Structure formats: structure tokens, C-alpha cells
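> Residues per chain are reported as follows:
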Amino acid sequence: MGAKKGIVELSLDAEILREKLAGLLHWERRKRREQIAAEICCYALLAALLAMPLYPLLAEPVQRWFIPVFLAAALAPFLWLRQRWRRSDTARAVARVDKTLILEERALTAWEILYRNETAAPALLVVKEAGEKLKTFDPRAQFARQWSWQSRLILPLLALWSGLLWFDIDGPSRGGALLVAPSTLAQKLREYSKDLQQKAEMEGLRESLQVGRELEKVAQRGIDTKTADDRFKTELAGMSKKLDAVGKSAAESSSFLAAESQQSLKDLKTELETAQDFLNLSNAPEGSRELSQSWLDRLAAMPQLKRQIDKDSQVGRHMGRNEVKSFFEKMEKQVTGELDRRTVLDAQQFLEQLMKQGQGEKGQSQMQAAGKGEEELAGDGQKEKGMGNLAGKEPGRKEEAEAILSQSQSGAPTRLKGLLGEGQSGTLVLKGKPSAATSEVLPQEVIASYRRQAEAELNTESVPAALKEAIKKYFLSLDAEPNKK
Amino acid sequence: MEAVAEIEQRMALARRSFDELKAEMARVIVGHEELIEQVFIALICGGHCLLEGVPGLGKTLMVRSLGEILSLSFSRIQFTPDLMPADITGTNVLTDDPSGRKVFEFQRGPVFAHIVLADEINRATPKTQSALLEAMQEQSVTVGGKAHRLEHPFMVLATQNPIEMEGTYPLPEAQVDRFFFKLVLLYPNREELSRIADLTTAAPRAVLREVLDGGGIHRMRQWVRDVPLADLVKDYAVRLVLATHPQQGPGKAAVTSAQKFVLYGSSPRGLQSLILAAKARALLAGRPNVSFEDIRFMIPPSLRHRLILNLEADADGIGAEKILAELIEQIPEVP
Numbered sequence: 001m002g003a004k005k006g007i008v009e010l011s012l013d014a015e016i017l018r019e020k021l022a023g024l025l026h027w028e029r030r031k032r033r034e035q036i037a038a039e040i041c042c043y044a045l046l047a048a049l050l051a052m053p054l055y056p057l058l059a060e061p062v063q064r065w066f067i068p069v070f071l072a073a074a075l076a077p078f079l080w081l082r083q084r085w086r087r088s089d090t091a092r093a094v095a096r097v098d099k100t101l102i103l104e105e106r107a108l109t110a111w112e113i114l115y116r117n118e119t120a121a122p123a124l125l126v127v128k129e130a131g132e133k134l135k136t137f138d139p140r141a142q143f144a145r146q147w148s149w150q151s152r153l154i155l156p157l158l159a160l161w162s163g164l165l166w167f168d169i170d171g172p173s174r175g176g177a178l179l180v181a182p183s184t185l186a187q188k189l190r191e192y193s194k195d196l197q198q199k200a201e202m203e204g205l206r207e208s209l210q211v212g213r214e215l216e217k218v219a220q221r222g223i224d225t226k227t228a229d230d231r232f233k234t235e236l237a238g239m240s241k242k243l244d245a246v247g248k249s250a251a252e253s254s255s256f257l258a259a260e261s262q263q264s265l266k267d268l269k270t271e272l273e274t275a276q277d278f279l280n281l282s283n284a285p286e287g288s289r290e291l292s293q294s295w296l297d298r299l300a301a302m303p304q305l306k307r308q309i310d311k312d313s314q315v316g317r318h319m320g321r322n323e324v325k326s327f328f329e330k331m332e333k334q335v336t337g338e339l340d341r342r343t344v345l346d347a348q349q350f351l352e353q354l355m356k357q358g359q360g361e362k363g364q365s366q367m368q369a370a371g372k373g374e375e376e377l378a379g380d381g382q383k384e385k386g387m388g389n390l391a392g393k394e395p396g397r398k399e400e401a402e403a404i405l406s407q408s409q410s411g412a413p414t415r416l417k418g419l420l421g422e423g424q425s426g427t428l429v430l431k432g433k434p435s436a437a438t439s440e441v442l443p444q445e446v447i448a449s450y451r452r453q454a455e456a457e458l459n460t461e462s463v464p465a466a467l468k469e470a471i472k473k474y475f476l477s478l479d480a481e482p483n484k485k
Numbered sequence: 001m002e003a004v005a006e007i008e009q010r011m012a013l014a015r016r017s018f019d020e021l022k023a024e025m026a027r028v029i030v031g032h033e034e035l036i037e038q039v040f041i042a043l044i045c046g047g048h049c050l051l052e053g054v055p056g057l058g059k060t061l062m063v064r065s066l067g068e069i070l071s072l073s074f075s076r077i078q079f080t081p082d083l084m085p086a087d088i089t090g091t092n093v094l095t096d097d098p099s100g101r102k103v104f105e106f107q108r109g110p111v112f113a114h115i116v117l118a119d120e121i122n123r124a125t126p127k128t129q130s131a132l133l134e135a136m137q138e139q140s141v142t143v144g145g146k147a148h149r150l151e152h153p154f155m156v157l158a159t160q161n162p163i164e165m166e167g168t169y170p171l172p173e174a175q176v177d178r179f180f181f182k183l184v185l186l187y188p189n190r191e192e193l194s195r196i197a198d199l200t201t202a203a204p205r206a207v208l209r210e211v212l213d214g215g216g217i218h219r220m221r222q223w224v225r226d227v228p229l230a231d232l233v234k235d236y237a238v239r240l241v242l243a244t245h246p247q248q249g250p251g252k253a254a255v256t257s258a259q260k261f262v263l264y265g266s267s268p269r270g271l272q273s274l275i276l277a278a279k280a281r282a283l284l285a286g287r288p289n290v291s292f293e294d295i296r297f298m299i300p301p302s303l304r305h306r307l308i309l310n311l312e313a314d315a316d317g318i319g320a321e322k323i324l325a326e327l328i329e330q331i332p333e334v335p
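As you go down the protein sequences, you meet chains P and V in turn.
In terms of the numbering used here, the first sequence opens at residue 1 and continues consecutively.
In terms of the numbering used here, the second sequence opens at residue 1 and continues consecutively.
These aren't lab readings, by the way, just hints derived from the structure by calculation.
Do not rely on the hints blindly, as some may be mistaken.
Sample of chain V residues at the chain P side, in silico, Cβ under 7 Å [claimed, not checked]:
#, residue
1, Pro170
2, Asp226
3, Ala230
4, Pro332
5, Val334
To spell it out: a stretch of chain P is covered by chain V in this simulated footprint if at least three of its residues, at any positions, have a beta carbon under 8 Å from a beta carbon of chain V; those stretches are [unchecked claim]:
#, region
6, 123 to 130
7, 143 to 150
Given the structure is predicted, the values throughout are model-derived calculations rather than measurements.
We put the CB at the ideal spot given by N, CA and C, even for glycine.
Construct the entire structure; sequences and hints are all you get.
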């Protein structure tokens, strides 16, 4: 009976020991698997972060979000193989139990005895003692999970990587990528159209605003359908023709302002607005045919407006308030129309540049310049910023200058449309191509172009105010002389 | 199971016997607790010990007391240069039988005792040394073509004087390797000296009680071999023994002291000695299995006399103890 009881007790101890050791090994294996998974995630995220400069090379932007998954799949076999659970790890785990609980290698010896199914009495005694000592052993409590540096780094890396992708830091538009995919024509056109619309809204240019919207539609269509640049140029050519027609039809209605410089027109527009405001607030009674002296004095301080009034012989001091008002409104309409027309022509020039230059950086300056505000290139033509050019010579490459020359109709007066802007000196772009018939160049147009050029230079360079006025008067006198002749 | 209970009793008896032996020895021997334990371990492992110490440290008293406590016969052989092999083994002597006839009768030598103290073994000639060593190895002596079995249990404790080197015949390394342990007797400290004076100059020598007998020793020798040894622990002992060998490749710099100062490492006898001694220690400590600590504890006595050092070690004053200590630190328990 005692022997039977002893056998039962021993079997119980062996079962307890088996259960405890199995639990220990299960827990240790689980921790090993978690550690391997953590290492895979950490290293995959690190690799994904390091590979960010290469993201723009992907065909689809959405593929970026799956890169860590691909990297993890590539790393997983290697790490699993290298750190797989081995028999030596089992021995090490059991030895650790002995060390921690100060069992003097009872657990280790008992584990081997159970593994070999030994039945000798001394071996069974080891199993018995080990079983007794491990009865209350809890591997999870004794050997709690310890987070490695790879585990701690996963969430911060994931947040960093996700944040960078979310805000498109890897994208070329932010300038963060080392390898930037070149902008397509459609993308450039879209940017330009947005700038154009912004400018048109600020200055109240309806035609330009409409043109900007149409250009944006065309550009967006090209981006959405991923149209190749070569094919997109066909659409650009169509738009260019349309804009050319718009520009020509607008030219007929504001011919007398065509000779004015861009800055003059803007000054004139500002003065018109000021004059209208002042007119609304003047003391002259409604319907009065006489203008007050104060208003006339005010007019003297608006040189552009005064000059236009002086040109028009019908306008005099005996005009009534309503008449003056309608005159101003008419003039404002004409000034806005001229500005609008010139902006449309600039847009047409930009389209032609896009068609001729294609992708690359050469179109950047023109692209930025045409849709901008104050320091823009007025009218048609091109001038690159910062290039030292002699007057009369067009900046840029000669072959580009020849290429952008458009053919004018034979017999029609050729209008010189000098495009002035930043740079050491102004340039003239001859857009008229000589034809077989005799062509006439009106001297007024030549003088006007030079005057515009001079005014633009006066606006940009540091010249004393007294000299500015003298130069302006000089060109005005030149303008009057041919008429007298 | 009854067998398990018997094992438990066995272990308890071994531990109790050892504790009693230590207590009895402490009545006549001051200090040397570790030495006594190691001598007893060597006895229950069936090995022989080489004791090294200056004269007057109580070597003879210790061995004689051990014999008394264990009810074992004791003999002491003082080795001198003129000692002959027959003086150790015995010889045939012409005597008269009861009928008056002259017959040769074998007269046993001092080696026929359970515990033999071979004092200053390095003073005798190699021929005489080999006679004893043969007896140690074969557990018998052959005289006149006839083999005479020695007593069981049989243990030799040979001593060497580390001071006197003049006119001595150092044991060859191959012969030193036959000893189970090499034990070093240290000079007693102040308190121990004081107690020695009290024991030997004042009170009469205590009468020792018998704790164990030859049969008990024989049974304990069997119990030692039954102590389970885990493969990982055995592997630890193997790695330690292998580490005593200078295994660096040609042209490579030595990494450990063993590689730098050892000419020849331990033989397989060193591993046998190490493992048996560890088992014995576990048994005497009441543990059912051998632990890593048992292995580490038994390394110095088992291996210190099995390392042959080179001249560089002599020049730098590096001994086997230091090399073994470094190996214990460097070799991990679990690879």
C-alpha cells in the first residue's frame, strides 16, 4: 500500500514537473516569437524610412503605404531562421530556472531524466525533488516579458513614417526627395493657371480669369488621364490658338492704350479708381455742369489720368460731373480690357513656351513670371531674370528666340511688343517675320515701345524723382512730335 | 517507491557520516576543513592524493586520525634515497615452518594497509617510486612472481616538500597524473596556531570515535557513481578540461592564459577525477544531482597537477591556480 502510494506520488511529481517545464518552454518560445516579430517590424520600418528617397520611383503613389509590409516579408525568413528555437535554448531556459530559484541544477537534471525516460531510483529522486520545488513556479510571473529596444522603437518609427507619408514629405512638390520625378506639362500648366486666376481675381480681369479656369480644366484633365507630354502639346496648341483669337479681338477695342506700358496702365487704373471715389464725394451738386476747383486740383496730382484727359480734346473743364463720371467709367473699362488682353497674351506665350520647351527647368522662369503680380514681364516676349543682355537682343538661346517668333500676316502693320522685366537691360522681341510685301512700322509704335521700356526701367532702378519726370516728359514730347509732323 | 526512499536514506547517511567525520577530525586537527573534505572525497572515489606542504603541518596526524575514525589500518612510509622497492611492497623471507623446514614466507610491506602515508615521495629513487605507483594503480603487488592483493579500500597519500629540492627525484608528470587530487596544505593562521598549541601541548590527545568502516566506505563508493549527472553539466566539465589545452592555431596570438602558458593540458584522467569528485561532493552535501558549482569547486584539486607549464609561465611566475581561475571565469555554464 505504501509502495503504491509512493508510486502515485512520484508519478504526480513527474507530471507536475512536466507540466511546469512545458509551461516554461511554451512561455519562452512565445517571448522569442514576439521578439522576432518586433525585430522584423522595427527593421522593416527603419528600412522603409531609409528608402524614402526612392518612393517617387514607384508607379502608383498608393504603393508607398505597403513598402514596410514588403520589407517585413523579405526580412522575416532570415530572422526566423537565425533566431529559431533550438534545443540549446530549451536547456538554457531550464538552467535559468535553476539559477533563479537556486535549485542547484535539479530542474535541469530532472528535465533530462524525463526526456530520457530514466527509471533508476537516484534519477527518480531528482525528479521528485525538482517537482516539489517547482510546484508553485509560475514562469510568466518569474520571467516576465521584457521589452527590447526594437519593441520600444516600433511605435515611434511607425508614427514618423506615417506622418512623413501623410504630409507627402517624400513627394517632389515639397522638395524633400533626393530624386524628384520631373514635372509634366500638365502639372506646370495647372500651377500657372492657378497663379493666373489669382492674379485675375485680384485685378478684376474677367477674361483672364476665364482663361485661367479653362487652362486649369485642361491641365487637370491631362493629369487625371496621365496624358503624355507629347500628346498634351496638341491640347496646348488648341488653347494657344483660342487665346490668340481672344487677344486679337480685344486689341481692336483698346487700340489707343496699346502703346502704354504695363506700369502706366496700372497707375492709370489706380488713379481712375481714386478719381471716381473723389468724384462721388465732391461738393458739386448733381447735374452740375461745372467741376469744382478742388477736383481739378486733385486731378493735377494724377499724371497718368491728366495725360489721358489732355489727349482727349473732348474732355475739358466745362464737362459736367456726370459726363466726367461716364468718361472715367469708359476709360476704366478700356484700361481693364487692355490689361486683360495683355494677360491673355502672356498666357498664350506661356503655352507656346511649354509646347516648345517640354519638360525641364527652362520653362520655370516663364512659368512663374506670367501669372504673377507687380514685377512681372509686361506684354509678350521673354526675358530671363538676371541675364545681362544688351538692348535689342533677346535673352536665352538663339535657337529659342528663332523658334518663338510667330509669323505675322503680310501687309498688316507689325506691332512691336517688347516684353520688359527684371534684368540688367531691357530687350525687344521682334515678333514680326518679314514677308514679301512691304511692311510698315509706325513710328508711334516704336516710340511707344521705347517709352514703355524706359518707364519700366525707371520703376525698377534707383533714379531721382526729378530725373524720372524729365525722362517721362521727354518721351511724351517724342510722342507728340510725329503727330505734329 | 522504496528505491527512492532508500536513496534518500542513503544520502542522509552519507551526509551524516561526513558531518560526524568532520566533527571528530576537528578534535585533533585544527583548520584544514577543506583539505579533510577533499581527502574524504578522494577516498570514497577510490583515488589517491598528493599532498604538498611544508613539514609540521599535521599531515601524518591527519592521515592517522582519518584511519582511526574510519576503522582503517594506517601505515607510514618515510621515503629516503636509500629506500628499496622491497621496503615498500614486502619481500619473501626465509623462515622455519612449524615442522622446522625452511620455507620462504612473504612478509608484507607497509603498503599493505588501508591508508598509506608515503612521506616525501620525491626523496626516493624512481625505482622505489614506481613500486608504490604500481601498487596504487594495480591495487596489488607482485613479489617473486606472485600477486598479492592489497587491502580494500586502499588509499595512498603521498607528500612532497616544496622547500627541499636538493637530492630529490621529482615525480614524472605521467606519474603525477595518476594521483586523483593534488592538495596543498596552507600554513595555519594566528588563531589556528594558537589552538594547535592548546591541543598539542596542554590537553591529552583525544580518543577518536569510529564513524565509518571499510564496508561503509565501499558502499559510499558505489553511491557516488549512482549520482545523476546532467548532460549539460557534463558538457561544462568537458569544456573546462579542453580549455586547459593550448589550442591556438599557428600564427595566432594567445587569447587566454592557458593558451599562453600551458605546454600540455589535462589528460582524460583529469575529467574522470573532476566528475567523480563532483558527484561525491553532491552526495556529501545531500543533493541528489551534480551541480555546476560542484564542478567548479573540484577543478583546482583535480587539475592543478595535470597542467604542464612552459618556461614563460615560470619566468612570469604564473601558476596553475591562476590559469584555472581564469578558465572558470571565462567558460560559461551553458554555451
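> Indicate, hint by hint, whether the structure satisfies it.
Here's how the hints hold up against the structure:
no.: 1; hint: Pro170; in the structure: violated, 39 Å
no.: 2; hint: Asp226; in the structure: holds, 5 Å
no.: 3; hint: Ala230; in the structure: holds, 4 Å
no.: 4; hint: Pro332; in the structure: violated, 10 Å
no.: 5; hint: Val334; in the structure: holds, 5 Å
no.: 6; hint: 123 to 130; in the structure: holds (count 6)
no.: 7; hint: 143 to 150; in the structure: violated (count 0)
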